[in-house]
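Peer 1: Here is how the chains run, residue by residue.
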Amino acid sequence: MADRQELNRNLAQMLKGGVIMDVTTPEQAKIAEKAGACAVMALERIPADIRAAGGVSRMSDPAMIKGIQEAVSIPVMAKCRIGHIAEARILEAIEIDYIDESEVLSPADDVRHIDKNRFNVPFVCGARDLGEALRRIGEGATMIRTKGEPGTGDVVQAVRHMRKMQSEIRRVASLREDELYEAAKELAAPLDLVKYVHENGKLPVVNFAAGGVATPADAALMMELGAEGVFVGSGIFKSGDPAKRAAAIVQAVTNWQDSKLLAKLSENLGPAMVGINADEIETIMEERGK
Amino acid sequence: MKVGVLSVQGAFAEMAAYWRAQGADVFEIRQLADLDRGMDLLALPGGESTVQGKLLKDLGLFDPLKANIEGGLPVFATCAGLILLAERIEGSQTLSTQTLKPSKWFGTLPVAVRRNAYGRQLGSFTTRGAFDGKPDVEMTFIRAPAITDVLSPEVEVLSTFGGRPTSVRWRNATAFTWHPELTHSLAEPRAK
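Those sequence lines, one after another, are chains A and B. Using my numbering, the letters of the first sequence map in sequence onto residues 1 to 290. Using my numbering, the letters of the second sequence map in sequence onto residues 1 to 192.
Calculated from the structure, these hints are not laboratory results. Glycine included, C-beta positions come from ideal geometry on N, C-alpha and C. Possibly wrong hints are sitting among the right ones.
The calculated lysine-lysine pairs, modelled on DSSO-like cross-linking and capped at a C-alpha distance of 27 Å, are [what the hints assert, rightly or not]:
| # | chain 1 | residue 1 | chain 2 | residue 2 |
| --- | --- | --- | --- | --- |
| 1 | A | K185 | A | K290 |
| 2 | A | K202 | A | K185 |
| 3 | A | K260 | A | K244 |
| 4 | B | K57 | A | K264 |
| 5 | B | K57 | A | K34 |
| 6 | A | K264 | A | K30 |
| 7 | A | K244 | B | K2 |
| 8 | B | K57 | A | K244 |
| 9 | A | K260 | B | K66 |
| 10 | A | K264 | A | K244 |
| 11 | A | K260 | B | K57 |
Partial list, derived from the structure: chain B residues whose beta carbon lies under 8 Å from chain A [what the hints assert, rightly or not]:
| # | residue |
| --- | --- |
| 12 | G46 |
| 13 | V51 |
| 14 | T108 |
| 15 | A112 |
| 16 | T127 |
| 17 | E138 |
| 18 | T140 |
| 19 | R143 |
So that you can see chain B by itself, here it is in the shape it has in the complex:
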């Protein structure tokens, strides 16, 4: 399987290592020409969504990637990646977003998210819980967003925390508010 990892900013090295450990052929997407390599899955890593979104636009990657996602390309997104996919980005309760307030980036996943929903870095945490039928999966939340609303009955909730969805699947997209790529918590046994 060929996996393209969006590598404009953030934890793209960890995302690449995660997919490599599962036997995928991984390449980095840093500019438009990289898309010529073709992929079976697009991985959107953690980082700062404002930075990633801006760079996607500045580098001309935004429209072709959006068309690919809408065309059914499988997407695996964590944290900032989920924010890029969300149909609606809500104003944050604990942190203001006066300068950058895009209501969405790709907007292809029917969920509403709130950025930095657990506060600043002191609010980051690790927990364990059920994910998609697997019990006791380690989940790491780093200045994480929250999924505040699910906007389609077709959205499948894979895990929850505090009564809210923390990972979802909808058509070609799987998206997390936490970081399976940091702890390899979903990886098959051969991964570290």
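Excised from the complex, chain A in its bound form:
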């Protein structure tokens, strides 16, 4: 199992510097792959539409996910509900490349997450701060992403979560060794993982940004703040010209430090997703699972 964990962490390393895009059809998956997505997230409804539709949101139909697996050669991810062990097993059975135990769907367990150490398939989980990230890693997540506030096109929460995580990492790295026990207590995180962060100044797994990224500038901002890559959910296929916007975001993630290139990439992309301000919404997805 330790080997499997390592292999699954390794796959996340291969995704770094890349953009993972939400897609709902094989056609969208092909557009995403062609635009340079390093992986796609297969789901029946993108977060903005989940938000609009309301009701209980569940794992996607495996037939729909298989259609997307057939359509592209890059890794395919899919979401299961927080704590929904059976949905995760189903996704593992269809050989998904990565499971996102996601707050975008309605939680199946309002207290516990899945014991991901019991699976061979890798998991990515959302987190708002260091403690949450380390709890998920302790449960077996081999990749972390900020939660942000999905389906809004408002990057404010992703920024808040990434800044908080990074500043907590810097704080833990600066502590005396005999202060780590108290830090683990405060963070409500496993001590061995707190020690890892202290010694290495980073999470033991890859850390992406997610939730509200809608423009090349948003993606570059998240890279500036320490993200190792980005997820773009509603931002691409809710915009005027998905293929062009997707390709521009891919380049922005690679060359986030080159402002002139970012200016060029940001030109004539057509309308971005309209979006909704994160403080005007009723369903707060980031609160799901802690």
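Given the coordinates of chain A, work out where chain B should sit on it, guided by the hints.
Peer 2: Relative to chain A, chain B alone:
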């Protein structure tokens, strides 16, 4: 030694750390201007070959790098990097490639490869074996390609798995289907 690590997407940080641990002076290649720094070796890391290939073209890096490789610049390539170098990319058996089916990218290394030859992530694995005279080297395969054919008698096979070559040397290129940079399995003792 100056090593340029292609850093448009993928495990470029691990590749840079691998070369730094061996005492090399490492820089990242993200855009055309980076090539002005000059290098003694080009390192092509793992990642998604479709993404790396597209970005190489979009960023204008493709033609100058190809000319450098053809001109004899030493290249060290793993996984996606091997796919970028291969003279022929075969259609995958287990995963379809309907949208992107380039038959080659640089095409400078006379081997045929098949992407995702061991299936999806559940097919990723670690094994140990002989590499270039060294016994018992750790080899990590992540959604790895396979070398299905060697297209020149001059290609030297450095390691095999299941009867197929998993790393080769040909003129200025050394290429792997696995990831020596992740486990530092080939590094000298001073490396971690």
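Peer 1: Could you run down the list of hints and mark each one as holding or not?
Peer 2: Now the hints, each set against the structure:
1. A:K185 - A:K290: holds (15 Å)
2. A:K202 - A:K185: Since the Cα atoms of K202 of chain A and K185 of chain A sit roughly 19 Å apart, the hinted pair holds (cutoff 27 Å).
3. A:K260 - A:K244: holds (18 Å)
4. B:K57 - A:K264: Status holds; Cα separation ~16 Å.
5. B:K57 - A:K34: The hint holds at about 13 Å.
6. A:K264 - A:K30: Cα-Cα ~25 Å, so holds.
7. A:K244 - B:K2: Violated, at roughly 36 Å.
8. B:K57 - A:K244: holds (16 Å)
9. A:K260 - B:K66: holds (26 Å)
10. A:K264 - A:K244: Holds - the C-alpha atoms of K244 of chain A and K264 of chain A are around 12 Å apart, at most 27 Å.
11. A:K260 - B:K57: holds (18 Å)
12. G46: Since chain A brings a Cβ to about 5 Å from G46 of chain B, closer than 8 Å, the hint holds.
13. V51: It holds, given that the least Cβ distance between V51 of chain B and chain A is near 5 Å, below 8 Å.
14. T108: violated (22 Å)
15. A112: Nearest chain A Cβ about 16 Å off; hint violated.
16. T127: Because about 11 Å separates T127 of chain B from the closest Cβ in chain A, which is outside the 8 Å limit, the hint is violated.
17. E138: violated (11 Å)
18. T140: T140 of chain B check passes; min Cβ-Cβ to chain A is 6 Å, inside 8 Å.
19. R143: For R143 of chain B, the interface hint holds, since the closest Cβ of chain A sits about 7 Å away, which is under 8 Å.
Comparing the model with each earlier hint shows violations of hints 7, 14, 15, 16 and 17; every other hint is respected.
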